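Now for the letters of each chain:
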Amino acid sequence: MVWEIIASASSGSLLVKLALSTVLIAAFLFLRKRETEGSMGGYAILAGLLVLRDLGFAFLPSPDFYVASELAVFGLLLYLATYTFQVAWALWVPLSIDACAALLVAFNASFRFAPALPLAAVHAVAAIPIAALVLIPLAKRADADTTARELSLASALPFGLGSLAYLAAGLALGPASPVYQGIAVPLFYGLIFSLGFFFVDITQSQLVSAVEYYEESIDSLYDLLSATGGAIKPAFVMQDVLDSMVRAVVERSGADGGIILLADEFEESVSVRALSGTYPPPFKLPESLPKNEERVSAFVRHSRFKLGEGILGEVAQTGKHVFSSAAGDVQMADNGDEVWLSAGALIAVPLIVQDRIIGAISVAKTGEGSFTERDFDRCKLLANFGSIAVANSFSYLEAAERSDIEREAAIAENIQRSLAPQKLPELPGMSFGAFTSPARGVCSDFYDVIQTGPSRAILAVGDVAGKGVAASLVLVMVSSILHLITNSAKEVAVLLQWVNRGVTGKVDIDHYATLGLVSVDSRTGEIEFSNAGHQPVIVYRQDADEIETIDMKSIPIGVDRGTPYASKRLGLKGGDVLVMYTDGIIEAMNAQGKQFGRKNLGNILQRDHSLSAREIAQRIRDDLLDFVGSSHQHDDQTVLVMKSKR
Amino acid sequence: MRDNSTAPKPIQVDENSPLFDKTGMLHKEFPSDFRQIRYFTLLIVQSAPPDIKEINLLEQQISEIIKNAVKHGNKCNVEKKVRIWYSFSSEHAHLIVEDEGSGFKDLEKWNDFNKKRQKLLEGQDYEALADFVSYRGAAADENDGGNALFAAVEYWSGGFVFNSKRNCVAMLKRFPQKRKGVELESEA
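Here the protein sequences come in this chain order: U and X.
With our numbering, the residue at position 95 of the first sequence is 95, and numbering never jumps.
With our numbering, the residue at position 39 of the second sequence is 39, and numbering never jumps.
Just chain U, with the same shape it has in the complex (with noise of 0.2 Å):
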């Protein structure tokens, strides 16, 4: 028996339908691979089935079992090639009727209930599940964007048509014919094959269609970022950086206009920096506004929105999409019947960085116009790369910011240094120490000693009020005059007014300073001291073992014109020390709030005032730093001091 099958096997069509069988089953389920759905291995299943129905047929040669089994067959191919489409009814009646005469076919063959019952008739009961296998996918080509439904779409035709073929072979020729077996089978299974080759075509073209998606994104993003790049020159402007930007997401989104809001700095709420095209608003314009496109426009411009108010308020502070495809989609402000203030098709994206959201991009067609999925998918990338090139230019205008504050306390800084003398004239008899130390940004301390004939000279120490670069020039203002005139034998008191006189009411900046004036004889000790709203200057006595305050008061240069300055005149003997300093030193100020104060000079001067002129500056320095620690230094310190020899 078996003996004979295999002969017959090999004699017949079944070695030719079990090869052809077990190439699809081979086909499906490589191809299973290339897809997510499913449906491939359905069909290596279906292609299973119809090796054991031929193997059967094969032992059990009954027209019964191989209608009932071609039933089957037609059952499963309608139900794989439709199920995707979610049809209901559609689905099962043409599968129950099927599965019914089925079950019917086989019942009879078993126990011969109705044995007059007309096979071919209940065979032809298979054209129902291969007319709904063509109608289903026919009657949902709008839903055919899965590869499953595609593939049931582009085949439905030419494989209903060959399967309608193969069943009218199979009713005129009967199961048994060995033309039918030879021929139509082996061909119906080759149909089957085909569909293969339609799956492969299918995702080929995806491929494609994908590959040609992301080309087209990576040429918008480039032109993205070469547009907003564009905009970073040497002068940068944030507005040419949003324009460009608006105008590449508008043209790469085929909007009829769009605009740019950024989030306000200081205000909850977001505002429109910049417009592209015609953008129909979806809030509501007001009454009063002429609906001119200018006037439109430019009302679009300025809008402001705070955060949560109307669609795009909400974009801001959500971080949520919008996207209305078409008119009616989401509901917007009615402004009127003209189309171009209509807006029909909107999208607005937000502009996200690092969890912030930034602002948003929001581009609109007029009208009917309407946008697709693929317009809305690029907007989201153009605004996934746009927020980060507007974050970099913010980062860029705050470092230039900065920059600018840094460069002119630079210069500042500059300017100061190079007033200050290089070297402290010597004097027979007298000796000299110095310091100055600057606080960032601020620059306004000035000293110096002018050598003004071989036992005379001018101490100076004076302060400008104000900072920067405007109390620099101060600085040279003063310096420059202080040595124009020091050549004179006048009196200090003289020497400053004089340097007021040339301050004064001259320039329109403001230019008030403190200046203290001592000028020396080293010869005699003769020591004369005048002040213009400074500090006093201290005075170590050596034979006491005190100090001494001198104070004089007045006011400061570049307040009054005609002001008068008076002179006290002291001497020096040897081993005294003179100390003069601006407000810096006595008012800086320690982690507990308290001012390092004169008494604290005065007590150096006690403790060193038998070290060089040179290292008792270097003690206030340090004692001054240990003062302080860690605490920010608010002003300029600057000391200078004098030593008699004598």
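Simulated from the structure, these hints should not be mistaken for lab results.
All figures in this text were calculated on a predicted structure; none of them were measured in a lab.
There may be inaccurate statements among the hints.
Said to hold, decoys possible - Derived, one-sided and incomplete: chain X residues facing chain U with beta-carbon distance under 8 Å:
hint: 1; residue: T23
hint: 2; residue: R35
hint: 3; residue: Q36
hint: 4; residue: P50
hint: 5; residue: E54
hint: 6; residue: A128
hint: 7; residue: G181
hint: 8; residue: V182
Every residue gets a Cβ at the ideal spot worked out from N, C-alpha and C, and that includes glycine.
Position chain X relative to chain U; hints supplied.
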């Protein structure tokens, strides 16, 4: 953060206000020389950091306060001192100004005046408002604009408080800080 109320802000009298805490504040004192007010102002403002944007406005406000102390507090008596404590950062300006005068006697009158003025402003009664354009105390002269205090109370939005003797006023201004976008609500 933002105070949108249009309710009149009265000048407060509160000796124990935290604004009188001088801890960590820089300090200077000046003679009451009217000619030097601009100079004193510069000395104070020069310690403000460069990143305060509206530094000129700050300068102007400080100048007004010093002017008040010199002129109305110490009556321009050069022997009397104006003491100033100050602290600045890019986020705040805090100032305490003390004079040796007899104190701001008309404080209640001023508050009352301001209240009425605000009411007229709200009611948009501009005709009646004409009488309330500026406040002039009994000691005011033709150089007093009468508007400085309105502007000051408005400017020093963090508080404008007198001590009980009313010769010392503490004030605070908070500078709005730049926001960089809106925090994305994390979706729980």
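Quick rundown of the hints versus the structure:
{"no.": "1", "hint": "T23", "in the structure": "holds (5 Å)"}
{"no.": "2", "hint": "R35", "in the structure": "holds (5 Å)"}
{"no.": "3", "hint": "Q36", "in the structure": "holds (6 Å)"}
{"no.": "4", "hint": "P50", "in the structure": "holds (5 Å)"}
{"no.": "5", "hint": "E54", "in the structure": "violated (12 Å)"}
{"no.": "6", "hint": "A128", "in the structure": "violated (29 Å)"}
{"no.": "7", "hint": "G181", "in the structure": "holds (4 Å)"}
{"no.": "8", "hint": "V182", "in the structure": "holds (4 Å)"}
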